[in-house]
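Student: Taken in order, these protein sequences are the chains called E and L. Mapped onto our numbering, the consecutive letters of the first sequence carry residue numbers 7 to 292. Mapped onto our numbering, the consecutive letters of the second sequence carry residue numbers 1244 to 1625.
Incorrect hints may appear among the rest.
Claimed, not checked - Examples of chain L residues lying across from chain E (beta carbon under 7 Å, computed): (1) Glu1304; (2) Ala1308; (3) Met1311; (4) Ala1316; (5) His1476.
What the hints contain is simulated information worked out from the structure, not anything from laboratory work. Beta carbons: idealized from backbone N, C-alpha and C, even for Gly.
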Amino acid sequence: MPKEILAKKHPDDDLIRVDRMPHIWCPGCGIGIVMKCYIKAIKESGIPPERHVVVSGIGCSSRLPGYVNIDSYHTTHGRAIPFAIGMNIVKPELEITVIAGDGDLITIGGNHFIHAIRRNHDINVVLINNFIYGMTGGQHGATTPIGSKTSSAPYGTIDNPFNIPLLAASLGAPFVARWTTFHVRQLTDAMLKAMKVNGLAFIEVLSPCPTQYGKDNSFPTGLDMMRYFKKMCVINHEADLRTVDIDLKSGKPIIIGNFIHKEKPSYNDMERKLIEGIMKEMKSHG
Amino acid sequence: MTERLLPPGKYFIQGNIACAEAALIAGCRFFAGYPITPSSEILEWMSYRLPQVGGYFIQMEDEIASIMAVLGASNAGIKSMTATSGPGFSLMQEGIGFGMMTETPCVVVNVQRGGPSTGIPTLVGQGDVMQAKWGSHGDYEAIVYVPNSVQEMFDLTIKAFNASEEYRQPVILLADQVVSHMYGPLVIPPYEEIKIVNRKLPCVPPSIPDFKPFDARYEVPPMALAGMGYRVHVTGLTHDERGYPHYTHEVSTWCVQHLVSKVRNNAKKIWEVERFMLEGADIVVITYGITSRPSYQAVKMARSEGIKAGMLRLITLWPFPDEIVKKVSEQAKVLVVPEINMGQMIHPVKEVAECIVVGLSWAPGAVPTPDIILDMIRSVSR
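So here's chain E without its partners, still in its complex pose:
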């Protein structure tokens, strides 16, 4: 316990469930930084907190909604996106952000991820990629760089990870970005952009997990990976997304940026148009 209390209230306390502190995240974890950026984006969005909803699945990252003081839904593993879609379709006035981990959104939940982008539902998806299953004890997933040592790959992984921005872009997402927990201003800005996007806005956030990924893969502390992000990241908004895969080993730069930002009708737009057409036809037929 600290002997001296420097401030009685954090400026973000109104959007934090202070009664749930301390949180579960380990020292050096990046998820808290993403939470701070999200809270800042909520405040700057001009949308009242009552209209913001955060939805997650299962895992360390998916605990984030439990600490944010807005309507928050902590669903099942990999299924945050379809839950958010149901909510978005019937209440499009809600600003729904899905925040979950790589294992959740792109490994077990990969099917929902691709179809949600294909249909272009008006939700924001923030994928916190720490390259590992943290909560279950450091097993690899579909984002773990090849050759990584994990608790279920003691001899190193042999399967290729996803290049997620390329995947999202190939499905036609109107907004695709990648930042890291080192780039807090740019990440907050990307979240604000995402909230204004009509359709599915996707942000990949690279985040350190010293406890479960870093320890066996040359990033023993959170700071080690933050330094790596600082050193290796190259901002290129116009990057050829075929080249933005991550290996964390060969000295290859990590390409980050707001890669895609375009206008595209959302699923809700298409549905509204469809319903208007049906109503018009029904009226003309009495």
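Mind docking chain L on chain E? Use the hints.
Tutor: Only chain L this time, still in chain E's reference frame:
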């Protein structure tokens, strides 16, 4: 809004269509589903009808997504439904458990077909009756209605919505291929005669400090919806009244006891059975769903042969109407339980029966004829 709903009157209609129209009358305005035989007509009809009544339809990428979208829509305050069959019902189990834990109302229609696995997609089965109760992991109390006619596809769909809204949980309409594909008479009474239940919403303002979304003072807590300003936290983790995760045994005890007791305490209100020729019956056929239809005939034939046969039809399988079955068994010599599975509902019957219980296990793919049930009645009467 009753505009563009199926008007009161007499119809000759398919079971699945009766179910879909009933859902609309019950107030369902969101459907998410994935095509699967023999339930697809519900999905197709909803895709045609929901936009006409100001509702929303979406065909999802699988059944897991379908149930989750339904739960998301319901948490935003819209009555929601999905429909599937065995393989899809298996995929939905985790989502159903999430709905139970988060106390989210919705209706899941499972049109049973032959199983296990892909089984016989186009033909009848009753193999999901235990799954309907025990399918998702952990403790909860399922509410399961089993229709045996087109009229009941309509009536029980409305009751399923009402129960889901009243008890704040997923409720299952457990149909089967024959009842769902059957064309039959349907009477829709005047709307004012149809009881419609809507979930209770919080009556305190969102500004109240320490609002508890799962307030223990209520048997069924009023439901704070997304966007109302209550800033709820809803989780599938074991949680306290505030909705916050807690792993103490004290909180776990409260949480699971709350989930089961809201149904257990009201079981007698939820139970529905049909009694048929039970006066002085020595041999009672305990039946449900499509198997009840040849059973009426078999009981009548047995009576004409001088055998004192009767029938008790379970309309709610779960909660199991144990006291009613027990009472019937006290006056009977033998209970006969015909079912299109290898013996499932015979177990809860045996658990309470005060007389001999004999099963009639019939493999999926066909409904047993009255003769087969009659033969069983004859053989146990000797």
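Student: Min Cβ distance, Glu1304 (chain L) to chain E: is it shorter than 7 Å?
Tutor: 4 Å, holds
Student: For the restraint on Met1311 (chain L), tell me whether the closest CB of chain E is nearer than 7 Å.
Tutor: 4 Å, holds
Student: Per the CB criterion, is Ala1308 (chain L) less than 7 Å away from chain E?
Tutor: Holds - the Cβ of Ala1308 (chain L) comes within 7 Å of chain E, reaching about 4 Å at its closest.
Student: Does His1476 (chain L) hold up as a contact with chain E if the rule is Cβ-Cβ below 7 Å?
Tutor: With a closest approach of 5 Å, the His1476 (chain L) hint holds.
Student: Going by Cβ atoms only, is Ala1316 (chain L) closer than 7 Å to chain E?
Tutor: 4 Å, holds
Comparing the model with each numbered hint stated earlier shows that all of them hold.
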